[in-house]
Structure formats: structure tokens, C-alpha cells
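Student: So you can see what is in the structure, the chains are spelled out below.
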Amino acid sequence: MSRAFVPLVLIAMVLFASAPLVVANAPFEQTMGLVQKIFYYHVPSAMLMFVSALVCGIASAVYLFRRSAEADRVAVAAGELVVLFGLIVLVTGPLWARKAWGVWWEWDARLTSSLLLWMMFVAYLLVRRFGGPGSEKLAGAMALFGMANVPFVYVSVNYWRTLHPKTSVVMTLVPGMRGAFWFCVAAFAILYVLLLTLRKRLEDRRATVEQLYLAVGE
Amino acid sequence: MKQFLRVAWVVMRKDLTVEMRSREIVYTTVFFAASCVLVFAFALVREGRPLEDASAGILWISIAFAGTLGLGRTFERERHTETLRALMLAPSDRPAIYVGKLLGILVLMAVVEAVLVPMVGLLFHAPIFARPHWLAALLAAGTLGFASVGTLFAAMLVRARSRDVLLPVLLYPITIPVIIAGVRGTAAIFQATPDEPMARFWVALLVFFDAVFVTLSLWTFEPLMTE
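The listed protein sequences derive, respectively, from chains A and B.
So the mapping is simple: this note's numbering equals the position in the first sequence, first residue as 1, plus 14.
So the mapping is simple: this note's numbering equals the position in the second sequence, first residue as 1, plus 108.
So here's chain B without its partners, still in its complex pose (with noise of 0.2 Å):
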């Protein structure tokens, strides 16, 4: 256990300070998330009053979109410099690579989500501060369930041809319950007077598809993986 979790941290930080080293994936992908809201306003906002409820929307199709962006980015990396089967080849637990990566588009997803949230709140009138703690408890749910995912398949699509486009063919139909749990619960809490037993519905419907989507992910991603 101890071993497997050295694995993941390891992968992660390796994963991290690649990042950091050119913030080539941040920086695009926030500035997509930024425009994909800019786009958003344009359409939905009309003679300066947003549309009402759009908001928990638009945060929620923000993410899923930035973080397909995120994830095929990552992995492509890893393609291009022919790393992944360095990584397959290191005598460590698949698994273990599996929970590494995914703590790695975690971060990149909260970074993503740090910027979009605020500007939401700015263009779209969302009472962010509403209810904070409900806040965070969603997009960490919802955005654990989304990447979970999303790592397997994205993962898995190093090897495919036309992988750009079957990335988000695959990961949205599975993804979408994650989405609308998001979306329901976030609305939830964007109304005038929140809904705090609606929001924890929501937090713990998402926390249910977590379970099953990262045990499945755990468990199918060792015989994925071996060619």
C-alpha cells in the first residue's frame, strides 16, 4: 500500500514538473475555459441581464470541455516523446501509474476550475459565495468522476487512430450523469435561496458514481494497458 501510493506521487510530481517546466497545457487550457465562457456570455446574455439558472450550465459544460482539452493534451505528451511505454515498463502496479496520472489532471482540472468559477460569478451574476463549501464539495465530486474517466479512456487512446475525436465520443455519453449532477446541484445552490438538501442530494449522487467509476477504472486499467 505504502509502495503503491510512493508510485502514484511519484508519477504525479513527474507529471507536475513537466508542467511547470513549460505550463505548455495550462495556459492553453485556461485560456480555452476562458473563452469557451466568453462565448457563452455572448450567446446567453441578453441587453446585459444573463439568462437565468445558465450559469451552473456554463461552468459545468466549461469543465467537461477544458478538461477533454486537458486530457487529450497530457497524453499526447506522452506519445510524442514515447513515454507511456517507459511507464508501462516500470516494475510498479498499473494502478498505481493509473491513480498518479489522475491526481496529475486533478490538479490541472482544480487550476482550470479556479480561474472558470470566478468569471462566472463576474459575467453571470452567480452567487459564488452563497454556499461555498457546497461549492467545492461538487466540483471536487464532479470533477473526480469526470477525470476519472477520462485518464482510462484517454489513456487507452494513445494507441487509436482518430483518437482526438473518439475521446470526447467515448467520455461524454459515460460522463454525462456526472454533468447533470453537477450542473442540478450547482444550480442548486446559484438560486436566490439555495437548496442545501437539493445539494447534498446532488453531492452524494456524485459521490456514488465516483465509487463506481474509480473502482472500475482501478480495475479494468491493468489488463487495458497490457498489449
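If we strip away everything but chain A, and leave its shape as in the complex, we get (with noise of 0.2 Å):
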């Protein structure tokens, strides 16, 4: 991985460097307009935050089972960033919402269900950060429960009556936005893995850190 850095740093910052000429360019939808490249925004880190969510549960689950401290350490850099692409979700959908819906937030499941996968991983950080020694395998737990909340969320919008787009949205798209989409999908994946190996980094040098310590200290 640590070859493969500095080269998808670079991609990263092209693809972000040119993604609002893309979008710009992409065609206008019909009765939105502008609002729509929200879209661009929205949807990847939305698919993001699945992902990572389910990261830091299949990461919590090795922990729990298998005992293996990495997996831990991958388990809180995937639990950060469900955070951090949960609020850019949250924060960008009202944005859309407010103009398509004419309000910020609708009590249905998707907004629903997705706000509560976002609480749930703020639970699982509050949880790592004040629950004391030992709080791991608590936070682990959370993760799990988190992850299966994930199909939840997925499928609520399919099933339930409600206000939000449908996922099928997504294969659905005209041509000249497909292109977009997929184009802002690749820099948002590929910047989530530069940030959850960089955090996973930071996890083990304080490990070693730690062990160190406390090699010094006997």
C-alpha cells in the first residue's frame, strides 16, 4: 500500500482538481436544475458511508472473534470516516431537499434510517473515546449492530413509501451524467481509502508507541 500512496494522491488531487468542470459540464436535469449536482456529491458519499460502515463492522466482528488488534485499529479509522461521509450526506441532502421538497428534513425511512446509522457510529467513537479500558469490544459490538442496520437503510427506501429517490436512480442516469457520476464516484473512493489507510497508519504507530512505553516502563 505504502508504494501505491503517493500515486493515488496524485490521482486524487487531479480528479478533485477537475471534478467541478465535469459536473458542470455534465447536462442540467430537466426541473431541478442546478440543485441536482448535489447529486455528484451526495450519492458517493452516501455509497461511502455503507461501505465504511460495513468496514468497521466486518473489522469489529475479526476483532471480536479472532482476537486480532489490527483489525481493531482498521475498525476505528472506517468508524471515523462513516462520521465524516455520514455528515457530508446529512449536510448536503437538506441542501437538495430544501429546493426539491421545499423542506430541509422529511420524517421518512431513508432520512430516517440513515440518521440513525450516523448516531450509531458517533455512539461507537463517544464510546471508544469515554468509555475507559476495555471499551473496545463495547464499541465492536456497536460496530456490529451498526452494519446490520446497513440492508436496513438500503432497502427502506424500496419498501416503505417515502419522498427520497429511488435507488435505481443511479442505473438509470442520461449518458452525459453517468459519466459524472461514475468520474465523482472513483475520487471519492479513492480519497475514502487514502484516509482510512492513513488513519489506519496513525492507529498503528500509536500501538507501537504504546508498546514501547511500556517496554521502557518494565
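Simulated from the structure, these hints should not be mistaken for laboratory data.
Note that the Cβ used here is the ideal one computed from N, Cα and C, for glycine as well.
It is possible that some hints are incorrect.
[Claimed, not checked] Negatives, chain B to chain A, calculated, CB over 12 Å:
| no. | residue |
| --- | --- |
| 1 | Met109 |
| 2 | Met128 |
| 3 | Thr136 |
| 4 | Ser143 |
| 5 | Pro158 |
| 6 | Asp161 |
| 7 | Leu177 |
| 8 | Arg181 |
| 9 | Pro203 |
| 10 | Leu211 |
| 11 | Leu214 |
| 12 | Val215 |
| 13 | Val223 |
| 14 | Asp303 |
[Said to hold, decoys possible] Cβ-Cβ distance ranges computed for the label pairs, FRET-style:
| no. | chain 1 | residue 1 | chain 2 | residue 2 | range |
| --- | --- | --- | --- | --- | --- |
| 15 | B | Arg269 | A | Gly231 | 21 to 29 Å |
| 16 | A | Val49 | B | Ala151 | 35 to 43 Å |
| 17 | B | Met306 | A | Val183 | 23 to 31 Å |
| 18 | A | Val36 | B | Thr323 | 43 to 51 Å |
| 19 | B | Arg187 | A | Thr45 | 56 to 64 Å |
| 20 | B | Leu146 | A | Val184 | 45 to 53 Å |
| 21 | B | Val153 | A | Ser82 | 54 to 62 Å |
| 22 | B | Ala244 | A | Trp121 | 25 to 33 Å |
| 23 | A | Val207 | B | Leu146 | 51 to 59 Å |
| 24 | A | Ala38 | B | Phe309 | 38 to 46 Å |
| 25 | B | Ala151 | A | Phe144 | 26 to 34 Å |
| 26 | A | Leu212 | B | Val315 | 40 to 48 Å |
Using the hints, put the two standalone chains together into the complex.
Tutor: Here's what the structure looks like:
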């Protein structure tokens, strides 16, 4: 990963620098016009929020059942990224909703369950931060329950009557929008991988320092 | 399997026997739940008329608050007397211990609900006898979903710092779907014309949640409670 790191940073920089042009050149949506452009940030962030919740949940399961400290460090990194990308989703969503629906927030299944997923991972971080010694396991259980919520969030929009656009929107984009959309997904995905590895490396270093500290203490 | 059920039964009986001798948790939790309903009554009853559709929400919020309190107290007792460790050292399946604790909490919450439901009916004119079997099904399924997660987290929090505040912080985001289903289902049968298909849908959803939560809890209890 360390060898691929610098090229990935460069690619991400190029992608994010050109993203505004790509998004600006994509065709305008007929009814919503300019505000539809939020879609290019909102949906990739939401996708990564779910991916990150899955990563955090799986890493936590590995930590709990295999006792792997490394998996726990992946889980922390992923848990923080759920909160970060979730924040982007929760800020861009209402901005779009204000224009499209006329209200900032609507208590429908999709919005509620996304907010809940986000809150679960905020709680995850709170436990890790303030739970004291041994709280990693507690946080691991929290992440597992959070992950169990992901398919529920994904399906909820298709089953319940809701205002939120269906997930099939992504597969039925017009060609001009499709290119720009997947461009943004790629840019966000690379950013995600970079942030995850950086954060994990920080945790690795912290664990090493702790071990050295203990060794010196003896 | 027989051994499993026996252990669960013994753990539950132990909890209930301890509780029967002092009645500390039952009395305090029931009183707290009743105070909750009264606070809502003062806030939401205007000129002698309760807010429409408020009763279902008040019932479930009170259940959730009282349940959190009961969960915290039950495990605080184990912590205070250092008995949770003894329980964990017993040569039996860990999941059986979990099921035993869960059953104890369920009995406690059932007692609280037996007081809460008539109170809500009385103070908020809720038609609690409109569809009693659906109300019972909603309460049973909702309480199981709430208590199954609650027991797991309360048991783990015994060792953590600031456990009093962390229990609701962890428990509420996870169990809000259960509360939503409970409130919507109860509201459907409290309507002027009870909506049975709606109630059936929410009961089914609650059963689905219960299955997921109980399975996850049973699966994770063993590694989580191992030091």
C-alpha cells in the first residue's frame, strides 16, 4: 500500500481538481436544474458511508472473534470515516431537499434510518473515547449492530412509501450524467482509501509507541 | 439444549428472588415510569383534552426510559456485589446466562407495562381495550427487541467508565427502529377505527428486528464478556 500511496494521492488531487469542470459540463436536469448537481457529492458520500459502515462492522467482528488488534485499528479508522462521510450526506441532503421538496427535513424511512446509522457511529466513537479501558469490545458490538442496520437502510427506501429518490436512479442515468457521476464515485472512493490507510497508519504508530512505552517501563 | 434452558431458568429465578426480597428495582422503576407519564400529561394535556395521537408515543417513551433505568439498576446490583464475575465463572454456556438475564429484565418490564398501559388509557383517553391482542403483541415484540439489545450492552457496560450515560447513548440509536415500530403500530390500533393490517405490518417488522437483535446478541455475548 505504501508504494501505491503517492500515486493515489496524485490521482485523487487531479480528480478532485477536475471534478467541478466535469460536474459543470454534465447536462442539466430538467425540473431541478442547478441544485441537482449536489447529487454528484451526495450519492458517492452516501455509498462510502455504507461501505465504511460495512468495513467497520466486519473489522469489529474479526476483532471480537479472532482477537486481532490490527482489525480493531481498521475499525476505528472506518468508524471515523462513517461519521465524516455521513456528515457530508446529512449536510448536502437537506440542501437539495429544501429546493426539491420545499422542506429541509422529512421524517421518511430513508432519512430517518440514515440519521440513525450516523448516530450509531457517533455513539461508537463516543464509547471509544469515553468508555475507559476495555471499551474497544463494547464499541465493536456497537459497530456490529450498526452494520446490521445498513441493509435495512438500503432496502427501506424501496419498500416504504417515501419521498427520497429510489436507488434505481443510479442505474438509469442519462449518458452525460452517468460519466460525471461515476467520475465522482471514483474520486471519492480513492479519497476514502487514502484516508482509511492514513488513519490506520496513525493507529499503528500509536500502538507501537504504546508497546515501546510499556517495554521501557519494565 | 435442556441444560441451556435450565441455566437460563436458574439465572432468571435468581434475579427474581433477589428482586422479590428487596423490591427495590420494581418499586423505583414503576414509580419513575408513572412520573414520566405524569410529566407528559402536564406537558401535553391542554384544557382537559389530551393531544390527539400522543398516547402511543407517550407509552413507548415511558417504556424506553423506564427500561433503561431498570437495565442500569439490574446490572449495577451485579457490579456492586461483584457477582457478575461469579456468574461468568459458572461452568455453563455464556449465552444461557444472557438468556436468563434477558428473561429477568422482560419480567420486570412486563410489570412496568402492566402499570403504564392503564395509566395511559386513563390519562390520555387511549382505547386500550380496542384491540387488546394486537396491543399485547406489539408490547411483547417491542419489549423483547428493546431488552435484548439493552441486556447485552448493560452487561458489557458493567466494567466501563461513565456507564450511566453510555447506556442510553448506545441503546437509543440502535433501538429507535423498535420504538418507531411500536409507536406506529400502537397509534394504528388507538385510532378511532383501529387499522389492523397496519398493526400486523408493524408487529411483523418488530418480530424481524427481534430475530436480528437476539441472534446478534447471542452470537456476540460470549466473546464480549470474555476478559
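Student: What hint numbers does the structure not satisfy?
Tutor: Nothing - there is no hint that the structure violates, so all of them hold.
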